[in-house]
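In the order they appear, the protein sequences are chains P and X. The first sequence lines up with residues 1 to 590 when you count with UniProt numbering. The second sequence lines up with residues 1 to 590 when you count with UniProt numbering.
Incorrect hints may have been included.
[Claimed, not checked] Quick list of in silico lysine-lysine cross-link-like pairs, BS3-like style, CA-CA up to 27 Å:
id: 1; chain 1: X; residue 1: 390; chain 2: X; residue 2: 412
id: 2; chain 1: P; residue 1: 548; chain 2: P; residue 2: 390
id: 3; chain 1: X; residue 1: 390; chain 2: P; residue 2: 238
id: 4; chain 1: X; residue 1: 53; chain 2: P; residue 2: 390
id: 5; chain 1: P; residue 1: 354; chain 2: X; residue 2: 238
id: 6; chain 1: P; residue 1: 424; chain 2: X; residue 2: 53
id: 7; chain 1: P; residue 1: 214; chain 2: P; residue 2: 140
id: 8; chain 1: P; residue 1: 25; chain 2: X; residue 2: 424
Everything labelled a hint here was simulated from the structure, so no lab data went into it.
Protein chains: 2
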Amino acid sequence: MVFIINAFQPTRESIPPPNVSYQQKQTSGLPTHLHPLNPFPFILRAATVYPDKLALAHPDVEYPTFFTYRIWAQRIQNLAYALIEAGIQPGDRVAVLAPNSPMIADAHYGILAARAIITPINTRLTPPEVAYILEHSGSKLLLIDRGLMQLVQGLKIPFIVNNDTGRIGDPYEDFLSAGRRFSAEKGWAGLDVELDEGAGAVLCYTSGTTGRPKGVLTTLRGSYLAAIANVVEGQISKDSTYLWWASSLAYPHPLSEGNVLLNNRILPMFHAAGWTFPWANVFAFATQITMRTVDYSQIWKHFLNSGVTHYCGAPTVQIGIVNNPAARPLPRSISAIIAGAAPTAHLIGELEKKGIQPVHVYGLTYTYGPFTRCYDQPSWALLSLEERAKLMARQGQSFATAQEVRVVYPPKSEDDQEVVDVPKDGKTVGEVATRGNIVMKEYFRDPEATRKAFRGGYFHSGDLAVMHPDGVIAIMDRSKDIIISGGENASSLAIEQELASHPHVLEVSVVARSHVKWGERPMAFVTLRQEHVSAWKGKHNVFGDELKRYARTRLPGFACPEWVEVVEELPKTSTGKILKTNLRTIAAKL
Amino acid sequence: MVFIINAFQPTRESIPPPNVSYQQKQTSGLPTHLHPLNPFPFILRAATVYPDKLALAHPDVEYPTFFTYRIWAQRIQNLAYALIEAGIQPGDRVAVLAPNSPMIADAHYGILAARAIITPINTRLTPPEVAYILEHSGSKLLLIDRGLMQLVQGLKIPFIVNNDTGRIGDPYEDFLSAGRRFSAEKGWAGLDVELDEGAGAVLCYTSGTTGRPKGVLTTLRGSYLAAIANVVEGQISKDSTYLWWASSLAYPHPLSEGNVLLNNRILPMFHAAGWTFPWANVFAFATQITMRTVDYSQIWKHFLNSGVTHYCGAPTVQIGIVNNPAARPLPRSISAIIAGAAPTAHLIGELEKKGIQPVHVYGLTYTYGPFTRCYDQPSWALLSLEERAKLMARQGQSFATAQEVRVVYPPKSEDDQEVVDVPKDGKTVGEVATRGNIVMKEYFRDPEATRKAFRGGYFHSGDLAVMHPDGVIAIMDRSKDIIISGGENASSLAIEQELASHPHVLEVSVVARSHVKWGERPMAFVTLRQEHVSAWKGKHNVFGDELKRYARTRLPGFACPEWVEVVEELPKTSTGKILKTNLRTIAAKL
Chain P
1 MVFIINAFQP
11 TRESIPPPNV
21 SYQQKQTSGL
31 PTHLHPLNPF
41 PFILRAATVY
51 PDKLALAHPD
61 VEYPTFFTYR
71 IWAQRIQNLA
81 YALIEAGIQP
91 GDRVAVLAPN
101 SPMIADAHYG
111 ILAARAIITP
121 INTRLTPPEV
131 AYILEHSGSK
141 LLLIDRGLMQ
151 LVQGLKIPFI
161 VNNDTGRIGD
171 PYEDFLSAGR
181 RFSAEKGWAG
191 LDVELDEGAG
201 AVLCYTSGTT
211 GRPKGVLTTL
221 RGSYLAAIAN
231 VVEGQISKDS
241 TYLWWASSLA
251 YPHPLSEGNV
261 LLNNRILPMF
271 HAAGWTFPWA
281 NVFAFATQIT
291 MRTVDYSQIW
301 KHFLNSGVTH
311 YCGAPTVQIG
321 IVNNPAARPL
331 PRSISAIIAG
341 AAPTAHLIGE
351 LEKKGIQPVH
361 VYGLTYTYGP
371 FTRCYDQPSW
381 ALLSLEERAK
391 LMARQGQSFA
401 TAQEVRVVYP
411 PKSEDDQEVV
421 DVPKDGKTVG
431 EVATRGNIVM
441 KEYFRDPEAT
451 RKAFRGGYFH
461 SGDLAVMHPD
471 GVIAIMDRSK
481 DIIISGGENA
491 SSLAIEQELA
501 SHPHVLEVSV
511 VARSHVKWGE
521 RPMAFVTLRQ
531 EHVSAWKGKH
541 NVFGDELKRY
551 ARTRLPGFAC
561 PEWVEVVEEL
571 PKTSTGKILK
581 TNLRTIAAKL
Chain X
1 MVFIINAFQP
11 TRESIPPPNV
21 SYQQKQTSGL
31 PTHLHPLNPF
41 PFILRAATVY
51 PDKLALAHPD
61 VEYPTFFTYR
71 IWAQRIQNLA
81 YALIEAGIQP
91 GDRVAVLAPN
101 SPMIADAHYG
111 ILAARAIITP
121 INTRLTPPEV
131 AYILEHSGSK
141 LLLIDRGLMQ
151 LVQGLKIPFI
161 VNNDTGRIGD
171 PYEDFLSAGR
181 RFSAEKGWAG
191 LDVELDEGAG
201 AVLCYTSGTT
211 GRPKGVLTTL
221 RGSYLAAIAN
231 VVEGQISKDS
241 TYLWWASSLA
251 YPHPLSEGNV
261 LLNNRILPMF
271 HAAGWTFPWA
281 NVFAFATQIT
291 MRTVDYSQIW
301 KHFLNSGVTH
311 YCGAPTVQIG
321 IVNNPAARPL
331 PRSISAIIAG
341 AAPTAHLIGE
351 LEKKGIQPVH
361 VYGLTYTYGP
371 FTRCYDQPSW
381 ALLSLEERAK
391 LMARQGQSFA
401 TAQEVRVVYP
411 PKSEDDQEVV
421 DVPKDGKTVG
431 EVATRGNIVM
441 KEYFRDPEAT
451 RKAFRGGYFH
461 SGDLAVMHPD
471 GVIAIMDRSK
481 DIIISGGENA
491 SSLAIEQELA
501 SHPHVLEVSV
511 VARSHVKWGE
521 RPMAFVTLRQ
531 EHVSAWKGKH
541 NVFGDELKRY
551 ARTRLPGFAC
561 PEWVEVVEEL
571 PKTSTGKILK
581 TNLRTIAAKL
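Generate coordinates for the entire structure from the input sequences, incorporating the hints supplied.
What follows is the structure in structure tokens.
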């Protein structure tokens, strides 16, 4: 680690008393052999075992901050008491609107320590969406980054601004310091332990492509078990360093066009509670580096100099990483946890050349992030990169603490509660379903939506997939992304995977476009690799024909794209997913 | 892995049907977001993800057996149905009396799959002790290794004998084959899921040095969480191979003298359910090798040729390992999980020279095995081996899924329910106490003993320790091992640690012996290192004086041994713990 952390002095109130005890209040109501699962106490154990280890580094800002586990734990205690003093009661929602920063990391612990529920809000949303979430969640308080104030103009919710300085005079620091007054008196043993492990932990709102955002409520038990699964699956340890990044750019931003965001994004802490990684890393005693912005050169600096071992991101972000001029073979291997879409053979090859080991996982906000993983098999070592990539592109099998993943037939009627598996033939398309500890508790204040999603005691994901004979699922599409071409179901994902194998294609997205004869036909939007952009300049039609010919050698007729549009960039959500709705709108207008 | 596993053909009934489904029965009674924690389904996930990976190797016997996850899972299913067909009901106890072997590994899954409780019995016990355990546990059936029949002569319990051949004609194999008839019809979905994660998992009997053995009942939830903790702490993964060994020698044996066993032992599967490692290894998709016997040369063969990465054992066993003529630096590092006593500087140095990384943990049958670990600190790299060993000898801080460990004052009266910590001064001796998910549920059929052990909502271990300022506990002694010398409390453990640093001492044990003037005084029993045995032959008294002089330079007067006895070997329990009761008897007679 190259950080010169001595240059930063945490506030006096961030320093724990000399005889600090990390013992929680005694839980006299519980049997001796039980304690409720809860990820918040991970910080107490880390502060006990590795008090002076760097826990949280926030280096790439005007006022860099560095917190050891001992200091960070004290700040979390201060936050918990400050929240309680501000009137936060058990079960209350506390909203957080912030890019990756120590404050949102604190919030994942301090809010739970106060027995409240953290409501992280996507920084990419519009003011009316933010207002709706604050209203629907009934949040009593908002912790907000100074750069995002324009999202809450005119709203009445009480808030604490974080200037992200870690210095005295920063309103967030003053809030923490105020909390310290009570924490000094009472310490950890003064905080009531949440006895119900089924109590709410996180309330996330899904940024649905249509309709109002829905609140996804998760539990303490689920958060604990999902975090541990991420530690085991990622083999995170005390020698690990996890890199967080995301864009700090918020609405309205010059690079955004209405709702369409042109930058590539990666898993930020505000998205599905960062897939429980804010807890997983602490459980493993790892170090976390938070970057407010996405800056590939800076990312490579951290890869090369800061001991980074783990990060998460969608393939689009991984493409940005391998294509950066600073990219080079790494002195030590890094685990890249890939989700959101399947990595292509080309991407896998490029990552591996740099010493980055891709781990392909699949998950949703409803499942605390990843709940399946494509487990690599020893036999794959004998395969070509392309063959291996085809197997790796599948979404895999259930995660360490997840219950089984199934692919099931759609309901026969509104009231159909039977959950029946499709055959394990790699062909029959069904819906991905699962149940168990790492499934959300409910849609917040929406029993009707919960009932529908939990048909037959299983959570139904809305993702369409096949089940292969080896028990591995492969996502075909979201229900609405299937293209019904001449009566056949064409998977836009399968088409994209074939088109992506063309050597000149950087990224591709396929949507349905209506067709007089066939009902629907696939339309492909593609971006070209940097080195081929100029060659095809002014000849996009010619490339389109070339790609259509290429497709016909690899896909059945009904799945071949009828139209190909070469674009400079694809529209994406804040988490790097391609916004197919926007592409559909464009396709409809053509 | 050098095993030639093709030489072995599992029985026809061990081979799953071609379209096997690993899906359990649907649990319609539970909320969608809950599934009860239970370690048994680990095998279903392993068989799904790595069906053809070697799960269980049993190579060092007349009829070697090798089971992949797919085959092993089928055998477990057969066992579950065979048990149910034999009349085993949910909550019933099924006893197992066996050395490390596939049968006892099966039992850790098959018995739980039948919703029954596994009762592993120490193979070192006498027939009356075994009879008592079978009677007290109310076991309905016994799975017994052919080599241990003399332990149950004349008892009426129904039993299945395992000849440990894995071949047709072996009564245990016939039992499994019978189970297959039902499993073929019903599969995994035919087995009821245990909905209560607080249900019993294992009933172990502690082989107390005095009095009747006590039954320690653990839960499914605790077993699940303790197993995962062992995976995380041990960093076990699909690339790991765990080596089990133990002596198959049973009572009466030519090497035993009454109750005193002269061989060194290590953690066998029957001891505290092998500290949950039978489940931990499967959760991590690791390979397990089972050795019926302890044979250091054979162990080194496995170290060098079988890809071993993990094993557990007391320091006495580790001494046997490093002193074996086959010992040499290993091509890849092995984790040695050490418990039962603190490793000495000499032992740590010898292990590290071979590429064996010692991990010092502390635990009890009541805590599913380890619940604290001595976490190594980065700053230790700068210390001398001796200084580092002193720090590593401490028992550490709480384990991944354990709740906090405390050192507390003894109760002031019979009814004292207050649990008060001793100061963190590294001096004040108190009792080790803990609570939470990895504490036993109860003493089986002994509410009075449970009530006493759970005073004030904490489990009281009976081990005496100090709490260091850094939050690390260091065991001083079992309550009864404290020597009250001239009114001072002398820790026999602390004395042993100092005496063990003498370069000629191999092992040492210190007990109290009554003394006219001082009440009690320490007496040391020592064995000499191989290379010094002949030099001191016939001059044991001279060496005793030399060791007493050595002690006076390192210990306070009241803690110096008044007597030193050089012996050839120290008496030990089946798990390698030195039998101080025997030494006390000898000391009393002198």
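Practice task
Take a quick look at whether residue 214 (chain P) and residue 140 (chain P) sit within 27 Å of each other, Cα to Cα.
Solution key: Holds: residue 214 (chain P) and residue 140 (chain P) sit about 18 Å apart, inside 27 Å.
Practice task
Mind checking the alpha carbons of residue 424 (chain P) and residue 53 (chain X) for me, to see if they're no more than 27 Å apart?
Solution key: Within the cut-off at roughly 21 Å; holds.
Problem - Restraint status (C-alpha distance of residue 25 (chain P) to residue 424 (chain X) at most 27 Å) - result: Distance of about 18 Å is within 27 Å: holds.
Handout entry: Given hint residue 238 (chain X) paired with residue 354 (chain P) - CA-CA distance at most 27 Å
Key = Status holds; Cα separation ~24 Å.
Problem - Restraint check for residue 390 (chain X) with residue 412 (chain X), where alpha carbons must lie at most 27 Å apart - result: Roughly 33 Å separates the two Cα atoms, so the pair is violated.
Exercise for the section: For the pair we were handed, residue 53 (chain X) and residue 390 (chain P), check the Cα-Cα distance against 27 Å. Expected result: With a Cα-Cα distance of about 22 Å, the restraint between residue 53 (chain X) and residue 390 (chain P) holds, given a limit of 27 Å.
Exercise for the section: Take the C-alpha atoms of residue 548 (chain P) and residue 390 (chain P), compute the straight-line distance between them, and say whether it is at most 27 Å. Expected result: Status holds; Cα separation ~21 Å.
Exercise for the section: Quickly compare the C-alpha distance for residue 390 (chain X) and residue 238 (chain P) to 27 Å and report which way the hint goes. Expected result: Holds. Residue 390 (chain X) to residue 238 (chain P) sits at ~22 Å (cutoff 27 Å).
Of the numbered hints stated above, the single one contradicted by the structure is hint 1.
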